[in-house]
Amino acid sequence: MHREPPAFLLLAALLAAACAAPVDAAPAVVPDVVKTRINEVVAACARAGGRLGDVSGQGRFVIPADFNGDGHTDFVVSEGNVPCDGAPALFRENGLARVELYTGTGTASAQLVFADHLLAYRVLAGSPARLQIARRGEACGGGSGAANQCGAELRWNAAQARFDEVPTGSRGAAAQGTASGPAATPVPVAANARTAHLERCRAGERRDNPKKAAADIDSACGDLWDKIEAAGPLADVMLAAVPARAGEPLTLADLRARVPAARWGAGAPVSGATATAATGRLGALDAWVGGTASAPKSLALGWSEVGADPPYDLPGALAARGAKLEPLGCYHFGAGEVNAVYVVNAPGRPPFALTIYTRGAPVAQATAQQNMSVALDGVLPTRASLRAEHRDPPWEDPCTV
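Numbering (the working numbering), first residue to last: 949 to 1349.
Fair warning: there could be bad hints in the mix.
As the list claims (entries may be wrong) - Here are the simulated BS3-like pairs of lysine-lysine, each with C-alpha atoms no more than 27 Å apart in a straight line:
# : residue 1 : residue 2
1 : Lys1245   : Lys1159
2 : Lys1245   : Lys1272
3 : Lys1175   : Lys1160
4 : Lys1175   : Lys1159
FYI, nobody ran anything at the bench for these hints, they're computed from the structure.
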């Protein structure tokens, strides 16, 4: 039976091959996330009946270089270059393969700053090194045909602490005309968010349940804060995805750039999704984009687990980032199954609609589910429109849990 080499030997071989190339940056520390990605692709190759081949030359799928000029090694991970002997097309579908860029810190941590399925890419030596990418079809922007190709270069924007995509060539310039502006500035968690939450929660519990023991109140409010913290990364994704200015058009390519951690594909429709422009995964969550590639209308994230308690409080996570949420009500499908709608006013963003479907698991064999969808088209529902749309079951305002 063939056994793949231990991860540390494979990593050493990859980096030795990479540093023999013109673009080099000898990493003192390889981030944990890069090690994990190496293990994932090697395991996927083995599951497909293949074995890892020569990781030099065209088989170099991890390239270390300093792309932002901070003196720390960054890492490109290219699935399309994984030399999976026996399954050579495993990581390349319809000529496209996933490329990721991680910025390093000189420690075991790194941040994923870019990820997309690309037609091609290349790394140019320099200080800093440069990553140039090529896309095809609708990924080039609205109105692009299937045969259209476009290029861009990722350039470090020190003032905004991010990489900007700068079009290269005439086709790239044409694509730029259909692209939106950059995402709005990230919204941090308020310094006193946890304290303010616990104070509000305890006051509400004492008001609604005057006989409840203080220890039980503290436990319930602490559990709710855990759900708010768990939803923090989801809130960051939603806030990055929504338009930064009222009326700003977005394309699927824009959305992919704003949510680099998502793994998009053309896979089968996700449960609960209709008219999808793209489906994929964001960590452990299903992800899907409603609308079309040239005009996406919504971004949704979905979780489900048998016998579990729904783990996310997305409204709470948005509120912890300074957002003001106006609940517009909900409708119930039955006990423990509710669909609620909010209008969200977040710092630096125009108002947007948020819809959250939650289904608990009343018995251990039942499947609990949460679907969280943010509107990208700027259309805001009203109480009147929701009441008119939802008559059976009827719309409730205020929402009763």
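Here's how the hints hold up against the structure:
In summary, the hint linking Lys1245 to Lys1159 is not supported, as the alpha carbons are separated by about 46 Å, beyond the 27 Å threshold. Straight-line distance between C-alpha atoms of Lys1245 and Lys1272 comes to about 22 Å, which keeps the hinted pair within the 27 Å bound. Distance restraint check for Lys1175 and Lys1160: the Cα-Cα separation of roughly 21 Å lies within the 27 Å cut-off, and the hinted pair is therefore satisfied. Of the pairs offered as hints, the one joining Lys1175 and Lys1159 holds, with about 25 Å between alpha carbons and a cut-off of 27 Å not exceeded.
Violated hint for the displayed structure: number 1, the only one.
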